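Here are the chains, one letter per residue:
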Amino acid sequence: MINQAVIDIHNLNHYFGKGNLRKQVLFDINLTIDVGEIVIMTGPSGSGKTTLLTLIGGLRSSQSGSLQILGEELCGASEKLLLKMRRKIGYIFQSHNLLNSLTTRENVEISLEIHDFSYYQKKQKSAEIIEAVGLINHLNYYPENLSGGQKQRVAIARALVSNPKIVLADEPTAALDKKSGRDVVELMQKLAKQQGCTILLVTHDNRILDIADRIITMEDGCLLSNEQLQGNKIFA
Amino acid sequence: MNKRKIPLAWKQLIRQKGRFIIAIAGISFADILILMQLGFQSALLDTNTLLPKLIEADIILTSSQAQNFGLLKEFPRRRLFQAKNLPQVESADALYVSLGNWKNPDTSTESTILVLGFNPARPAFNLPEIKQNLKLIQYPDTLLFDQNSRGEYENAIAKITTGKSVTTELQGRKIYIKGLYQVGSSFIADGSLMTSDQNFLRIFKGRTAGEVSLGLIKLKPGIDADFTVNELKSLLPSDVKVFTLKEFIASEKNYWQTSTSIGFIFSFGVVVGFLVGVIIVYQILFSDVSDHLPEYATLKAMGYSNSYLLRVVFQEAIILAICGYIPGCLISIGLYEITRSATSLPLIMPPTRIIQTLGLTIVMCVASGAIAVRKLGSADPADIF
Chain P
1 MINQAVIDIH NLNHYFGKGN LRKQVLFDIN LTIDVGEIVI MTGPSGSGKT TLLTLIGGLR
61 SSQSGSLQIL GEELCGASEK LLLKMRRKIG YIFQSHNLLN SLTTRENVEI SLEIHDFSYY
121 QKKQKSAEII EAVGLINHLN YYPENLSGGQ KQRVAIARAL VSNPKIVLAD EPTAALDKKS
181 GRDVVELMQK LAKQQGCTIL LVTHDNRILD IADRIITMED GCLLSNEQLQ GNKIFA
Chain G
1 MNKRKIPLAW KQLIRQKGRF IIAIAGISFA DILILMQLGF QSALLDTNTL LPKLIEADII
61 LTSSQAQNFG LLKEFPRRRL FQAKNLPQVE SADALYVSLG NWKNPDTSTE STILVLGFNP
121 ARPAFNLPEI KQNLKLIQYP DTLLFDQNSR GEYENAIAKI TTGKSVTTEL QGRKIYIKGL
181 YQVGSSFIAD GSLMTSDQNF LRIFKGRTAG EVSLGLIKLK PGIDADFTVN ELKSLLPSDV
241 KVFTLKEFIA SEKNYWQTST SIGFIFSFGV VVGFLVGVII VYQILFSDVS DHLPEYATLK
301 AMGYSNSYLL RVVFQEAIIL AICGYIPGCL ISIGLYEITR SATSLPLIMP PTRIIQTLGL
361 TIVMCVASGA IAVRKLGSAD PADIF
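The listed protein sequences derive, respectively, from chains P and G. Residue numbers are given in this note's numbering: position 96 of the first sequence equals residue 96, and the series is strictly consecutive. Residue numbers are given in this note's numbering: position 375 of the second sequence equals residue 375, and the series is strictly consecutive.
Think of the hints as simulated: they come from the structure by calculation, not from any bench. Just so we're clear, the structure is a prediction, and the values are computed from it rather than from any experiment. Please note that the accuracy of each hint is not assured.
[Claimed, not checked] If you want the footprint, here are the derived chain P segments under chain G, 3+ residues with CB under 8 Å:
1. 29-35
2. 48-62
3. 108-121
[What the hints assert, rightly or not] Under the rule of at most 25 Å between Cα atoms (straight-line distance), these lysine-lysine pairs were calculated in the BS3-like manner:
4. 123(P) <-> 84(G)
5. 220(G) <-> 205(G)
6. 88(P) <-> 84(G)
7. 73(G) <-> 125(P)
8. 80(P) <-> 193(P)
9. 125(P) <-> 5(G)
[To be verified] Here are the in silico distance ranges between beta carbons for each label pair:
10. 225(P) <-> 366(G): 53 to 59 Å
11. 175(P) <-> 17(G): 52 to 58 Å
12. 116(P) <-> 10(G): 38 to 44 Å
13. 307(G) <-> 131(P): 48 to 54 Å
14. 121(P) <-> 340(G): 56 to 62 Å
Just so you know, even glycine gets a beta-carbon here, dropped at the ideal spot from N, CA and C.
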């Protein structure tokens with residue numbers, strides 16, 4: 001496989017607030033993630049993990065440095081470009097964030113509706129991915145009738161159904177018990193490998209670190225370590 | 001390609017049944033308020049044109065001092081003779097109108113009633129009962145009574161229906177009621193009596209045959225009324241006003257709508273109903289948007305644009321408008337029915353009002369939606385991680 005960077009970050013700085021209250025939260029971040037890599041990002045709370053994730057996901061506009069996602073420069077990008085990029089990225093949130101008034105199937109389909117799929121393609125694709133996450137018997141359930149693990153699996157189906165190149169996940173196992181947490185990440189890993197998509201996962205959960213190809217650690221807004229799971233290189 | 005989409009607005013609304021029902025009840029309530037006000041307003045205007053609408057004439061003369069059908073003032077009968085000189089005029093008759101005090105034959109209490117006197121040779125009103133009873137009113141002190149008058153008249157009406165006459169007092173004079181007709185009460189008076197011009201002048205001693213309340217001019221067949229109105233206007237001095245029948249009815253309506261506070265009061269009621277609706281729908285939509293804010297932020301993160309979310313909120317507004325309007329309209333029709341039987345006010349629901357208030361309801365809901373969507377701006381996808 002030719003290694004090609006899907007996420008390429010150079011000298012990224014980010015600030016919150018304005019004027020005297022302006023506070024730097026990200027310091028000179030350099031990070032490159034290749035196609036198909038599964039990267040876990042850890043670090044104490046308040047270290048800027050989530051901020052970095054939202055910048056990569058185009059949910060916030062970045063201010064200085066360079067942030068290239070799928071070959072597009074997001075630093076100083078227009079709202080229109082950010083919107084376009086978001087459609088190419090799958091998101092999995094800490095709380096599942098499913099739409100409570102929609103069934104399992106509709107929650108997955110709504111992620112397809114921003115793309116050009118016919119009604120029948122939509123039905124077929126959503127059924128396939130729901131089958132893959134093992135919820136084919138819960139197609140017409142509303143989120144309130146699903147368990148936490150089931151909801152998170154619907155969220156994974158929703159994130160992956162449109163075959164995104166990148167999946168961003170923020171503590172997807174935080175609200176789950178050990179068993180369902182494990183199941184959920186293994187499912188993510190399996191589906192991502194099948195589709196050849198890159199995963200960047202923020203977590204505190206030590207139990208799931210082994211699924212990663214690489215673990216990066218953040219502290220106080222700096223990227224502390226960038227270690228290959230087998231190797232032991234540390235960049236200060 | 002089949003592009004059928006998930007009806008998110010509808011699904012969100014029916015997911016919270018309690019709130020949906022409250023919203024519908026609120027909109028229905030606002031619509032009932034509006035429809036009742038509009039109903040009363042047009043009933044007011046209709047009741048005061050019931051009699052004018054029945055006048056058998058092409059052109060109407062009134063005193064230039066006349067304000068409404070209950071306050072006509074008098075003008076000289078000579079004007080009628082002048083009008084009759086025009087070759088295209090078939091006839092020009094006098095109608096005498098006055099409010100009188102009479103004793104209710106059932107309860108013996110005094111009340112005000114509208115009395116109309118006209119030449120029995122030609123019925124002044126297009127009422128079959130009047131045309132049949134023209135002979136009766138030629139008898140002295142004999143009158144016909146509007147059986148749709150407001151008040152307790154059941155016994156008297158029953159007696160007259162069986163062919164007997166009812167005796168009572170009008171302006172302190174003993175009178176006989178021998179026949180009935182049907183018009184309806186108005187804001188001028190609870191009811192009316194009709195008789196010959198001779199009887200009218202006998203009852204109202206201050207009035208003379210030379211002082212006329214209303215001039216009824218009939219034209220020969222095929223003559224244009226508008227043209228003759230202009231001719232009469234230039235012919236007659238300025239102590240009279242000349243109308244076509246249509247114009248006369250319109251000016252009567254216009255009087256009640258503009259010259260009294262009644263029109264304003266009902267319009268005010270409509271505005272209040274509208275505002276109540278706006279506030280209710282705003283409350284519902286605002287809390288709906290607030291509750292769904294994380295979901296909307298999620299949709300934004302997935303790549304949905306702001307305009308999609310705006311559409312969802314406005315769709316909700318329009319669904320609420322239509323779902324709230326239907327019961328509101330049906331209940332109002334029922335209330336119209338009840339009011340009609342309780343007050344004999346002619347409350348009816350014309351199709352144009354149904355369409356207009358539906359339009360107004362949609363405007364109301366969309367206006368509330370427009371206030372509520374400002375909240376959407378705070379659906380920041382960066383906050384949900």
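Do the alpha carbons of residue 80(P) and residue 193(P) lie within 25 Å of each other, as the hint requires?
-> With a Cα-Cα distance of about 30 Å, the restraint between residue 80(P) and residue 193(P) is violated, given a limit of 25 Å.
Just tell me: holds or violated, for the beta carbon distance of residue 225(P) and residue 366(G) against 53 to 59 Å?
-> holds, 55 Å
Starting from the hint 38 to 44 Å, judge whether the C-beta atoms of residue 116(P) and residue 10(G) obey it.
-> violated, 23 Å
Hint consistency between residue 123(P) and residue 84(G) [alpha-carbon to alpha-carbon, up to 25 Å] | Violated - the C-alpha atoms of residue 84(G) and residue 123(P) are around 84 Å apart, more than 25 Å.
Note whether the CB distance of residue 121(P) and residue 340(G) lies within 56 to 62 Å or breaks it.
-> Holds: the Cβ-Cβ distance is about 58 Å, inside 56 to 62 Å.
Is residue 88(P) within 25 Å of residue 84(G), Cα to Cα?
-> violated, 89 Å
8 Å C-beta criterion, at least three residues: is the region 108-121 of chain P covered by chain G | Contact hint for the region 108-121 of chain P vs chain G: holds, 8 residues under 8 Å.
Do the Cβ positions of residue 175(P) and residue 17(G) conform to the proposed distance bound of 52 to 58 Å?
-> violated, 28 Å
Quick one, are residue 73(G) and residue 125(P) close enough, alpha carbons at most 25 Å?
-> Given pair residue 73(G), residue 125(P) is violated - Cα atoms ~84 Å apart, limit 25 Å.
Coverage criterion applied to the region 29-35 of chain P (partner chain G; beta-carbon cut 8 Å; 3 residues) | violated (count 0)
Residue 220(G) paired with residue 205(G) [C-alpha distance capped at 25 Å] | This hinted pair is violated, its Cα atoms lying about 35 Å apart.
Given a hinted range of 48 to 54 Å, is it respected by the beta-carbon distance of residue 307(G) and residue 131(P)?
-> violated, 34 Å
Of the numbered hints stated above, those contradicted by the structure are hints 1, 4, 5, 6, 7, 8, 11, 12, 13, listed in ascending order.
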